[in-house]
Structures are given as C-alpha cells and as structure tokens.
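Enquirer: Take a look at the letters that make up each chain.
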Amino acid sequence: MKYLEELKAKFGERIEEIKQLAHNQWLITVDKDILHEVVVYFLKHPEWKETQLSTMVGTDERPLRGKFSVTYWLSVNGNSDDVYIGIKAYLPADDPRFKSVTPLHKGANWYEREVQDLLGIIPEGHPDPRKLVLPDDWPSCVYPLRKDFHYSDSPQGEKYYPYREPPQGTTVHPIGPYHVALDEPAHFRLYVKGEEIIDCDYRGFYSHRGIEKISESRLTYDQICFIAERICGICGFTHSTAYCQAVEAAGEIEVPERALYIRTIMLELERLHSHLLWIGVACHLTGFDTGFMHAWRLREHVMWLCERLTGNRKTYGINLVGGVRRDFLDYRKEMIEDVLKKLKSEFGKLVDDLTSTKTFIKRCEGVGVLPYKLAHEWSVDGPLGRGSGRDFDVRRDHPYAAYGDLDFKVPVYKEGDVLARALVRIEETWESIWIIEQALDQLPGGDILAEYKEIPPYREAIGTTEAPRGENVHYVMTGPGNTVYRYRARAATYNNLPAVPDMLRGYTIADAPLIIASIDPCYSCTERVQIVDIESGKVRILKEEEFNKLSIKASRRV
Amino acid sequence: MMEKIIFALITVMIIFLLPPLLDGISRKVKAKIQYRVGASIFQTYYDLQSLLNMEPILPTERLAFRIAPYIAFASALAATLVLPFGSFVPVAFTGDFFVFLYVLAMFSVAMMIAGFSVNNSYTNAGANREMMLILSIEPVLGVAIGVFALNAHSLSIGGIPLNITFTPSLILAYVLLAYAVYVEGGFIPFDIAEAETEILEGPLCEYSGRLLGMFKWAMLIKRLALLWLFVSFLVLPIMKNIVDITTFTGGLATLVAQLVVLFIIYGIIAIIEASNARLRIDQAIRQNTKVFFAGLVVLLIAALGW
Chain X
1 MKYLEELKAK
11 FGERIEEIKQ
21 LAHNQWLITV
31 DKDILHEVVV
41 YFLKHPEWKE
51 TQLSTMVGTD
61 ERPLRGKFSV
71 TYWLSVNGNS
81 DDVYIGIKAY
91 LPADDPRFKS
101 VTPLHKGANW
111 YEREVQDLLG
121 IIPEGHPDPR
131 KLVLPDDWPS
141 CVYPLRKDFH
151 YSDSPQGEKY
161 YPYREPPQGT
171 TVHPIGPYHV
181 ALDEPAHFRL
191 YVKGEEIIDC
201 DYRGFYSHRG
211 IEKISESRLT
221 YDQICFIAER
231 ICGICGFTHS
241 TAYCQAVEAA
251 GEIEVPERAL
261 YIRTIMLELE
271 RLHSHLLWIG
281 VACHLTGFDT
291 GFMHAWRLRE
301 HVMWLCERLT
311 GNRKTYGINL
321 VGGVRRDFLD
331 YRKEMIEDVL
341 KKLKSEFGKL
351 VDDLTSTKTF
361 IKRCEGVGVL
371 PYKLAHEWSV
381 DGPLGRGSGR
391 DFDVRRDHPY
401 AAYGDLDFKV
411 PVYKEGDVLA
421 RALVRIEETW
431 ESIWIIEQAL
441 DQLPGGDILA
451 EYKEIPPYRE
461 AIGTTEAPRG
471 ENVHYVMTGP
481 GNTVYRYRAR
491 AATYNNLPAV
501 PDMLRGYTIA
511 DAPLIIASID
521 PCYSCTERVQ
531 IVDIESGKVR
541 ILKEEEFNKL
551 SIKASRRV
Chain A
1001 MMEKIIFALI
1011 TVMIIFLLPP
1021 LLDGISRKVK
1031 AKIQYRVGAS
1041 IFQTYYDLQS
1051 LLNMEPILPT
1061 ERLAFRIAPY
1071 IAFASALAAT
1081 LVLPFGSFVP
1091 VAFTGDFFVF
1101 LYVLAMFSVA
1111 MMIAGFSVNN
1121 SYTNAGANRE
1131 MMLILSIEPV
1141 LGVAIGVFAL
1151 NAHSLSIGGI
1161 PLNITFTPSL
1171 ILAYVLLAYA
1181 VYVEGGFIPF
1191 DIAEAETEIL
1201 EGPLCEYSGR
1211 LLGMFKWAML
1221 IKRLALLWLF
1231 VSFLVLPIMK
1241 NIVDITTFTG
1251 GLATLVAQLV
1261 VLFIIYGIIA
1271 IIEASNARLR
1281 IDQAIRQNTK
1291 VFFAGLVVLL
1301 IAALGW
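Protein sequence lines correspond, in order, to chains X and A.
1 is the number of the first residue of the first sequence in our numbering; add one for each residue after it.
1001 is the number of the first residue of the second sequence in our numbering; add one for each residue after it.
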C-alpha cells in the first residue's frame, strides 16, 4: 500500500504494527493516544476523496491479552484504490478510554456511543455521550458485549432517557415510536415552529436483538449465516454474503466461481425487489397509491422468482461459509430471463408514470437536500451518498462475488434531494437487470461449495457488500473450535440515519415522512442485535429443543 | 302535494344514503386502476355502520371535541338543502347562495374546532392546514358562483341555473367552479388537511367510534353538496330546454339526469385521484391564489357583459 511510508514518516514509532489481513485489507496498530489523529489523517487525505468510516469495532480482548481494543475500519473508495484499512489501538483493561474522533468527523458519532454502551469503552470528548443502543431501562455499568457477561442475563434498571430540550419557541412533534410512515419502530422528535422543522432528535434501537452476542456465545460459523440473513427482512442476503466473505477472508477459503455467480444473481434480485419496494413506499407516502400498487405488483414477480430459485420469497437461506447450498437448475435460468423481460417492459412504464405525475415530482424535488460536504462528514453510503454526489459503490470499488467480471454503471447525482435518490434507485434497477443478464450468460459450471478444514483462531477480516441501501460491513474475529470470537455487523442505514436530522432541518412536517423514507431506512438492520420481553423485562431466548419443536410445527403447517 | 312528498323523500335518500355509495364506487374505480380487486362498492356503508355502533374513546373532557362532528354534519346537511333536486329545492330563498358558502365554511370551522380542542401536534397541524386551505379556496368558490349570479341576475342557487345565458365568461366560470369544488372536496392532491401518511388524518387523528363515523359521513355529504352544486349548474340549463322542469315528470327526468352526471363526475374524480400525489400545503395555497386572481379577471369579464 503506497501511503504507508508517508504514515510511518509522520507518526514514527507510535505505529506499533502493520499487517496485511487479506488482499485488500490492512491492519495498522497504533498507540491509543494518536488513534484519532491517524483516523482523521486517512479520512481527510487529499488524494483519497471518497474515503469513509466503514465501521468501528470494539472488542473485549481481556481473555486474550488483558486489554480492550478498538478498531476503526476505513474504506478507500472511488478511483483511488481498493483498500480497507483497520486502525487499531489497545486500551488498558482497568481504564479503557480513547480520544473521540466525533469532534473531527461526525460519522464516528454512533460508533463511539455504541462501544460505550456495549463495552464500557469511553470516548473522551464525545459531544453527545447519551445512550444509543441499550434500552432506556438498562442499568449503567453493565456492558453486554464484555466476555464476562452471559448472554442470558437480563439486568433491570430504571427507565430514563435524556431527550434534548426543545429550542426556544418550538413545540415537540413526535414521529414515532409508532407512526404509519415508519415501517418499524423509531422515534424522530421534531422540534417545530408551525409546520417548519427547526431541529430533530433521534432515539432508535427499539428492535435491538442481540444478534452479535448470540453469535459470539452459542452459534457455529455456518449457523451465523442464517442469523445474519435475519438481520433484515428486506436485504438479508447481502448481510449473510458479507458475513460469509468475512469468514472466507479470515480463513483463506477459496469460493468456487459458480457459487460467486449464484450469489451475484441473488444479490441483484434482492436489489430489484428492494428498490421496487422503496419506489412503492415513496409513492404511498406522498398519497400516490397507484404508483405504490404498481411498484409492488412488479416486485411480486421478483418474489415469486426467488421462491422458485431458493425455496423462499425472502430470507433465501442459501449462503454458507465457502459457497451456497443450492444450485440453479438449467430450466430455471429461463424463468429468470422471462421475469427480467417482463420487468424491463413494465418497469419502463412505471417510471414513465412516475415521472409524468407532476404532483409526485413536485413533492420530491428540492426536498431533504443533503449537500456533498455533509454527506462526506456523515460518511453516508449507498443511493443516499450517490444522490449527493459521492461517487462510490462497493461493487465497483471493491469487487466481490462476481462483480469484477461484470460491466455496469454507477449512477451519481449532485442535487442531493429526494428526487436524486429516487433517480439513483431507478437507474440502479436497470443496472441490476443488466447485471443479472450478464451473470446468467457467463454462469460457469462446477462446484458450489468449497470444503475447508478448521478455520485458524483469532484472525480478523471484514466482508463488505453493496446492499440496496449502501455499504454493509461485517467484521469477524475467528475463535477457537468453530465459533467466532467477535462478530460485528454494520448495516448501511447505520451510517445514513444519523444524517437524517440534518436533512430534516428547514423543511416541513409534511416532508418529514418522505425525507426519512428517502434514505430507505432499515431500523432492524441498524439495530441488529436479544429477544427482550418488554413487559417482564426479561430476555427470552428459545431453547434449541423448543425452537426445533416450533420449527417442525411451522413446517408441518406448510 | 303528493309530488312534493315524493321529491322530498328522494332528496332525503340522496343526501343521506348516496354519499357512501359514491365513495364505494370511487374506491372500486381506484382499485381497478391499481390492478386490485378492491372492496365491495358497499364497503363504505359497512365502515360507517361499524363506526357508528362503536363507543368513542374521548381524549379530552372538552365539549367542543364532542360536538364538532355534529356541527360538521349539520353544516354539510344545511349546504345540501339549498340545492335543486329536479324541480324541488328543500329550502329556497333569495340570497341562499351566501348561506351555501357560510355553511361550507362552518364545516371547516368544525374541523378546526376538532383539531384545536385536543393538545396534539398532529391534530393541530391538521386544523392549521384546514384553515389555510379553506381561506385560499373559499374565495375562489365565491367568485365562481358570483360570476354565475352576475350572469343570471339571481342570488338564489335554485334560480341561477334556470336563468343563465351563454357567454364566454360562463365557460371560464364552469372551469373555476369545477376547480373550487374539487379542492374544497378534499380530493387527492388536496387531501392535505387529512393527509394520512403525514399527519395521521389531521383533525380526525384523536377521533374514534361514533364521533369518527359522524365526521366521515359528514365529509361525504359535504362532497355531495359541492358536486351536486356543480352538477345542477351543468344539467339544469340543458334540461330546461328539453323538458318543463316544473312538471312532475320533467322534474323527475331532470333529477335522473343530475344523478347520472354525478356518477360520471365521481368516476372521473376517482381517476384523477388515482393518478396524483398529494400536494404540500404551501404548494396548494400558491396554486389556489393564482386561480383566485384568474377568477377575478373572469369576474371582470362577466361584469362587462361578455
């Protein structure tokens, strides 16, 4: 990597170790006092314009080395390079503190609050150190992701959350926790003057399920594939793919080519259904139900196709570490072609209908503008970033699955409004159809699942995919005996959601649902992770036997 | 006398029972456009029936909250009573066109009372929007009817359609009237005050059960009143040349013609609704203001006698 010399010259001896993890992944271990400087050095590097904070992982490494660690994972995007850089610092077990990056780069805000919540690692100088992930009634000083916390524990505290005080002269207009325009619980507290939004506070993570803790405590590598897919009900397949890629990178597993192509086709089918879903939702929110119904009618064809290909409309469950579980039979290729043909003609009509509906365009145009500078500061990704002029797409910049062999365009718009995001998604839908066609043509033969021996413990790697909503990053640190030591899933919305208050300011409450929806938020994705029974406050986890019984009952019904 | 009773009965049926059917048909038309099967055309009756049978949950002790739906219902009803049903006008007197405008405004006032009587930012926003919308569209409706009154030299809604003479300004007045009726009826893209996905039906947000049922029914009757006005202005001037409206059969034929045109117009409205998104309140007001100034020009043309 070409900039390492420069880095060494600048920080000298305080860089403790530089290690290559995979062909495009580097891990730089630095002294904790310069951690924030090194992170910002890369983020603001003049030659890497689209560098962004992809994820941040806090790990309880006390059983291994008696220390905590935090790693900022940055991705170098655009035309610069295909590189992921992890910047790691070890923190003493008795006083885990590090200097916060948030004052210098807004995008770090949530990550740092999350390690504070879950691991008790304190980001010093954080401008907003409120609770982020844990429920309002979680007691302080209990950190669920520490290794000495058992996954079935369920401590109870007092319910309290410090919402921000409304600015002077404003009233509170709560959107959520339940609202027709939100498909999942989330709470946007709008501070309004009349209809105008002056400011906004956000409280989310109501659907935090403890997926990471369960994965680290009681699942095997292959089982995690399925729980990773259940992170999201819309874009689950990209999550399981990202997870598999992380383990494959850590374990140096070669995935057969045919499996890569099958993954690509399924990923793009998923994008098709997801973008059609979004178009429908956007129409519904503006009262244009005809667009809604037609978009979802088209989407249904994709769902049916996926059911024929994988056995499920959604949550395909065909990913495994090392490949896929299900092959495409030859005659099913024709089915894919038929559906694509239908989509091509009907999607064109739908787009014409949308763009010729003046009232719809009027509602989208010039609303919820996120300028490029802010987009960069918040490290937003996916169609939201591309609608604001950020020219990056994981599929093109860090090719995974079969994307390296395929040809496609990455649409970028500069306007940064809701309409730009809509247009990005519409163009991506066309590109997806084109990608599937190419992948089908080039589909190689051979195995679909690689065999591998034991995965060596304590290796780290990340896997990234371009989900319909943006960059998904899964970090895995392998553990002994077919288990992971640390698993961290980061969904696209995690980077996009914190930017929403900046997009809402200055617009009206009429625009708010559309602006919120325009990032295509996926709250369960973002919040991942305990089945908590709110009423009793107890964590309820199904025993395996119980679960099996339920599953058998469910499949009998089918 | 017998004839009058028959007309009165038919009129009562039209006012109370027809609006839910029209809504049901409109829902069916929209469903067809959206490739859905859609609910039965009688669904709105079922909805109203179940709502009216349910005890409402009251979020506030205020009397205003409880009586607002009845004020709305009474206003909508009053608006229909000055309209001509065939040859029959339930309550006719000179100047009833002002009454028509007043009671329509009363309906909106009831919505505002409903919205402001509870401490909820959603209902307040809805009430605000209703107020802005009504302030911007009521003048357009007034101007449109004014042009007709000027043309017919009559201030009675029953008398206007029978006395109008054909002039260029009249065609423009029809366009104005159609626009005003559409906006005031709260059809998409002007369902701004009750926008479901934005402010959860605005002023109706806190209503439930019987009170909600009354409000919904009243809104449907208000739409009927507005459309019936337009239909009468369209049908009566034509029918008076074909039949003698004052006779029983002539009156009946006119009534049938009015109903047929009403159904057609409701169908067209369903199509317009299905192919539009909702406007934002500021966009709607800007548009209404433009139309209002255009209306003033039409009024001027009419005053000059063209």
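Simulated from the structure, these hints should not be mistaken for laboratory data.
Check the hints yourself; a few may be wrong.
Unchecked claim - Computed spacing ranges between beta-carbons, pair by pair:
| id | chain 1 | residue 1 | chain 2 | residue 2 | range |
| --- | --- | --- | --- | --- | --- |
| 1 | X | 180 | A | 1289 | 29 to 35 Å |
| 2 | A | 1093 | X | 501 | 28 to 34 Å |
| 3 | X | 178 | A | 1062 | 24 to 30 Å |
| 4 | A | 1289 | X | 194 | 16 to 22 Å |
| 5 | A | 1042 | X | 501 | 43 to 49 Å |
| 6 | X | 142 | A | 1210 | 32 to 38 Å |
The structure presented is a predicted model; accordingly, all values stated were derived computationally and were not measured.
A virtual CB, placed ideally from N, CA and C, is assigned to each residue, including glycine.
Enquirer: Could you check the hint for me, namely that residue 180/X and residue 1289/A are 29 to 35 Å apart, CB to CB?
Expert: For residue 1289/A against residue 180/X, whose Cβ atoms are near 30 Å apart, the range 29 to 35 Å holds.
Enquirer: Taking the CB of residue 178/X and the CB of residue 1062/A, does the distance hold inside 24 to 30 Å?
Expert: Between residue 178/X and residue 1062/A, where Cβ atoms are some 25 Å apart, the hint holds.
Enquirer: If you check the beta carbons of residue 1093/A and residue 501/X, does the distance land in 28 to 34 Å?
Expert: violated, 58 Å
Enquirer: Does 16 to 22 Å hold as the CB distance between residue 1289/A and residue 194/X, or does it fail?
Expert: holds, 19 Å
Enquirer: Are residue 1042/A and residue 501/X spaced within 43 to 49 Å by their CB atoms?
Expert: holds, 46 Å
Enquirer: Just tell me: holds or violated, for the beta carbon distance of residue 142/X and residue 1210/A against 32 to 38 Å?
Expert: Since the Cβ atoms of residue 142/X and residue 1210/A sit about 49 Å apart, the hinted range of 32 to 38 Å is violated.
Hint check: violations occur at hints 2, 6; the rest are consistent with the structure.
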